[in-house]
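The listed protein sequences correspond, in order, to chains A and C. Here our numbering is used: the first residue of the first sequence is 2, the next is one more, and so on. Here our numbering is used: the first residue of the second sequence is 2, the next is one more, and so on.
Since the hints were derived computationally from the structure, they do not count as laboratory data. Nothing false has been slipped in among the hints.
Identical copies carry no separate label here, and so any pair may be met within one copy or between two of them.
Heads up, simulated DSSO-like pairs for lysine-lysine below, C-alpha to C-alpha not over 27 Å straight-line: (1) Lys572 with Lys664; (2) Lys299 with Lys444; (3) Lys444 with Lys300; (4) Lys357 with Lys345; (5) Lys300 with Lys188; (6) Lys244 with Lys444; (7) Lys294 with Lys444; (8) Lys188 with Lys412; (9) Lys121 with Lys763; (10) Lys444 with Lys188; (11) Lys752 with Lys642; (12) Lys785 with Lys649; (13) Lys13 with Lys343; (14) Lys345 with Lys121; (15) Lys642 with Lys684; (16) Lys343 with Lys357; (17) Lys664 with Lys503.
These numbers were taken from a predicted model, which means no experiment stands behind them.
Each chain is listed here by its residues.
2 protein chains.
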Amino acid sequence: MTNAPDTQEELKLLDRYWRAANYLSVGQIYLMNNPLLREPLQPEHIKPRLLGHWGTTPGLNFIYAHLNRLIRHRDLDMIYICGPGHGGPGMVANTWLEGSYSEIYPQVSEDATGMQRLFKQFSFPGGIPSHAAPETPGSINEGGELGYSLSHAFGAVFDYPNLIAACVIGDGEAETGPLSSSWHGIKFLNAARDGAVLPILHLNGYKIANPTLLGRSSDEDLHQLFSGYGYEPLFVCGDEPEKMHRQMAETLDKACDKIREYQQRGRSGEAQESIPRWPMIILRSPKGWTGPKTVDGKKVEDFWRAHQVPVSSCRENDQHRQILEQWMRSYQPDDLFDEQGKLKPELRALAPQGEKRMGASPYANGGRLRRELDTPDIREFAVDVTTPGEKQVQSTEVLGQYLRAIFQRNKDNFRLFGPDETASNRLSDVFDVTNRTWMEEVKPYDEQLARDGRVMEILSEHQCQGWLEGYLLTGRHGLFNCYEAFIHIIDSMFNQHAKWLKVTRKLPWREPVSSLNYLLSSHVWRQDHNGYSHQDPGFMDHVANKKADIVRIYLPPDANTLLWVGDHCLKTWDRINVIVAGKQPEPQWLTMDQAIAHCEAGLGIWPWAGTEQPGDEPDVVMACAGDVPTMETLAAVDLLKTYLPELKVRVVNVVDLMALQTKDQHPHGMEDDQFDQIFTRDKPVIFAFHGYPSLVHRLAYQRNNHHNFHVRGFMEEGTTTTPFDMTVMNELDRYHLAQEAILRIPSLAGKADTILDELAEKIAGHHRHVREYGEDLPEVRNWKWPSQQGSSDAPE
Amino acid sequence: MTNAPDTQEELKLLDRYWRAANYLSVGQIYLMNNPLLREPLQPEHIKPRLLGHWGTTPGLNFIYAHLNRLIRHRDLDMIYICGPGHGGPGMVANTWLEGSYSEIYPQVSEDATGMQRLFKQFSFPGGIPSHAAPETPGSINEGGELGYSLSHAFGAVFDYPNLIAACVIGDGEAETGPLSSSWHGIKFLNAARDGAVLPILHLNGYKIANPTLLGRSSDEDLHQLFSGYGYEPLFVCGDEPEKMHRQMAETLDKACDKIREYQQRGRSGEAQESIPRWPMIILRSPKGWTGPKTVDGKKVEDFWRAHQVPVSSCRENDQHRQILEQWMRSYQPDDLFDEQGKLKPELRALAPQGEKRMGASPYANGGRLRRELDTPDIREFAVDVTTPGEKQVQSTEVLGQYLRAIFQRNKDNFRLFGPDETASNRLSDVFDVTNRTWMEEVKPYDEQLARDGRVMEILSEHQCQGWLEGYLLTGRHGLFNCYEAFIHIIDSMFNQHAKWLKVTRKLPWREPVSSLNYLLSSHVWRQDHNGYSHQDPGFMDHVANKKADIVRIYLPPDANTLLWVGDHCLKTWDRINVIVAGKQPEPQWLTMDQAIAHCEAGLGIWPWAGTEQPGDEPDVVMACAGDVPTMETLAAVDLLKTYLPELKVRVVNVVDLMALQTKDQHPHGMEDDQFDQIFTRDKPVIFAFHGYPSLVHRLAYQRNNHHNFHVRGFMEEGTTTTPFDMTVMNELDRYHLAQEAILRIPSLAGKADTILDELAEKIAGHHRHVREYGEDLPEVRNWKWPSQQGSSDAPE
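Just chain A, with the same shape it has in the complex (with noise of 0.2 Å):
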């Protein structure tokens, strides 16, 4: 591991390199054939559609050539998070000059069939994306959607202190808001324990059609602005290849340098008295570096033109075509490959060895590191249920038991992610073995907060998921705990991950990764306190559009349920799991063992719960998902067993709201015999929902008893009020749910008019109450499950 002063020469051949990859990009976006220019360029060898970015390529490469360059001399554990993933010829040219491809994709070979390969795969149908993706050797990062590179680069590098994640921020990513707060990413890294995020935003000034806000900001504000966020910036401007690639090699020489010395400090057990200033780099270079400087005298280097495909229309347009010849051959491909179009044996010594290749980097595809998850038995938790619903319990609380216990047996390959939530969520019983991460000082007075705390609270749900995903995809697991309304904040984040998965699924090389894993407390019902902005349950819609092999949503009706959900979730992988449980004290309905196996069948009867005898058909089925539906529901039952002691009434209850599908739909769909024999074929369903009723339609669409199914759900009534005025004013309260039951029974038609008065008459003596008191009536804040002693089974 030398330092090596650089020599000219190295220079000079870093500079060929990046010629070499800079025509490779070139050849990407516009050749289908010819990929050598070993002869006139032709129409035929052109694409007939060209895509591609290559505004920000050429920066890209500089960059990747010069990390090489370190990652050589000082053999160093690096990957490369490419902000401006949409520079998608610019990792792929890369990738293949050090090789890393071609071992992944053979047929892509290191010679001139493989290059013609390279070339016309990208953007080409049946090819690969124009965008850096799952697809690209050493991306964990698509750059699709800006946003989210700093927070990925800081989630690989916790707990990985030999990796240093070097991340590209473009400066049309810097202006999004996301990006902006992942730069405080340092106030939350732990030089002793964690790796280094090298930051290097790459101003290029322009956007697709605009200047940038900080490629015109002074060199003065961008210095402000950076050391007031805590980092010590370093600059790298000019257009010159060879004065840059000398400032470039320096300033990351001088980087490394820094982070080697915190890194050393951190960890040689002397205390730290404030956070490092760590390095960023801040690279000034021209949009479409080297490319054409005009087209149809238009300016297209250095500026906004240069974008996406400088110069169009090369197929029909001559002079563009000599235009696109000039600019590959400028690059003089003959000095860069031999004969047979392998990279010059002098040039691909440029690249690092192996697995130190950024394209070959188990870190890039961290499911070759992930190590399983080591689990307590869900049993030691369990609450004590003698009879159901007799004990209240916070059931996120005992997940927080159980998930002190993961950080107990995973001392490094788990975290617990959460914008300050993690105590109101209930799970602070985490905090009796580990604090949250705070590299800022630290008062006398505080409490919970260490440096080498593992719980990871930032007020930004942006950050917490991103930093969560380059966690899990490098290899590790975690889980993201919010209040259910603010999580819809990152739906697009989500999106892009579950994207992220969809494909990585059908790569065999890239290994699966822990599942991301929600869990969505302080949930619409009770968010009574803060009222309507913060009642929101469409998460579910929005995860439900995604594709079944990815996505699972739970509603654990209590702490049993919960603690296998849970369970099960952080045991899964390729996944995205959501869990919405409460938070307030609720009644417990199921015993350990009823809770395993009500779970493992995703929804099933609660025969405790009704008045049905064996064999028999119910007058009514009434279902439900989620807590405080259940509560309301049985509630119901209540009533009913009350005011029609002959009814004939069925409970049941959904886990797993994927089990309402088919089989054909979904993986956890269940078999369509089973779930006529549990809803019925021609019986009135009355659901009580968690969520927006319309979801449970679109699951149970296909079902044969669909058309009988009534959905109570959140009907977008909220306010600041009781946790069960919140449920009578979307009428899912007891109520509402008991009225609808005799409704749709058609043998009670016209036979209940003074039981469905009295329900009336409750529902406005509620309302007189409430309204007078600000509580609810006792008979609802003293109701327990079953009011009538004797009137149900104990559990079996």
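Fit chain C to the supplied structure of chain A, relying on the hints for placement.
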């Protein structure tokens, strides 16, 4: 308008005013009776549920009182944007003190009775929410979901040169992504024509259960950070009221002087070289300032324990009740309120008068200032369609011509927002008459940038949305154009705005504001070049969850329908309109007259496209919604005509998606009998849909023929490929649609196997061709409706 030096006397009065606001804030959180503490505090005076956020409130009150002073001294038009909107008691207290609250809500009068009501209603069932909300006078920002206050502030002051938006940003909110990027707003603020934003970063150091990142940053880092963003940071730090009043008054005077100086300079006509260093204030004050220092031996004031209710269980716990009573009496209510409970006159004199009061500002009830948009006749821009399908036009480009006219007619009342995609979305005609707003340096070769530009482009969907919301809520008009996939970035902001509108509709004093309009282009079917990350039509699903009153979704199939829809949406109020339309050349179907009739109906039969004769019952209904699905449907009909000339095919197009719902579900729902006449009661309906198929099922769920709807749409399959290949991947192409039609028509059972085979061969042929040549088969590329001469009538 004097800038009188503050006397000691004035600041003493101001301190009493502050104490009054603090007293009222605590009262709202705790009391339901005995508001003036004229008798000893008893358990029954205290609310059964103690809800609210104390921690931020004294700071909010401090700022409010000082802004009142500033307004009075300088006769300012100022509004108060309350980022920490959860400090609702503060906003309510202050508007009650200044009298604006009681003017809107006379029952909450300015006396002891009114004060009791003020206290009781807060966070009480049937009362008001715990956060600043639409119900709160003077508010345009909820603050429930953090991150958007500063964007709202900038949106509010654009084109209102006299307005200053004082924007309080909590240090929690300051950690979010959207807020972090919103500091860039000054780079879009023109001192000559716009008002000013005065950001007040209120660092009280803590979130729910954590310190904050900026709260623990050094003054030096903060100074650098905000200087780097382009501001002049001014600090006000401490906890001794007397000193703090002095500091705050001086600092606000200084900030206001700066603002006036920059505005005068900007309005003087001299050329401005750089963006003014607008002032921003960093206020460090203790969380829960003036509240209990400790409770049960634990630190409360100046710590996160002050966040919500600092001392709990005051009904049950005598000691806690004592703390509360001492705390409230420490404000000396008798020194503040007269015998009747009214604020003493010398204090009331500290509030501004009339509409200068921040709770009575018309700027914060923007409908009062709203002028109708001056719109041109859409016929001026109509595409001349003589034969359906003959002409290829870029529909959004035509809308751009219309928008150009909007800009010409509305010089200070309309803006177009977008994340650097206005040109990409083909709206460039607007640049004939305006430019992009750009306050940083303009280089000689830059295009369409100007200080007085009215197209707002920043690569942050969050800022586009936040600015537009602020602009609309203060009474203006606008349109947000965005790539379809990335509009999910603001899912959660959409939620909050929809919730805001839902509530304001029930408040008679809130005048209607213009609708929030989205134009989603570069949509899922024509992001074939950017690939899978850019392909997502799910925003429609998200929108459809909201209250029917509020939301509309339009899928115009061509330019003339887009013109009608765009024009219609811009004329509406209190809604959110989503328009999805393509930017690529596409066939034009309807004359302007036809387009108007079709759009007004929402959906309808296209008789010229089908093969049924008047009075016929069709064999199949080919329905479509969206431009690409419409084209594929017509191409499928074309195939059916070739293969099965006897078949009676009906073509139905849906422009207004909500017309699929029933009349009782949505105001735009079509009457059932009319719907049945169009979709039949029993014929198969093959529905080609722009988005996820489930949305059509969900909307048409209650329709008679719904079980016969066979919907094809986006199946979450995508990549970089040809546009037609995208439809094939998702089985939405003409061949699959024709196959489905044949399979669903009972009379064809078993009789059309050869045709089905031929269609399957066409799909296989497509796959072979596209993978070889990278473009679609000539028969697809060159297809035009109708392919068979003379087989179609001219449009009526």
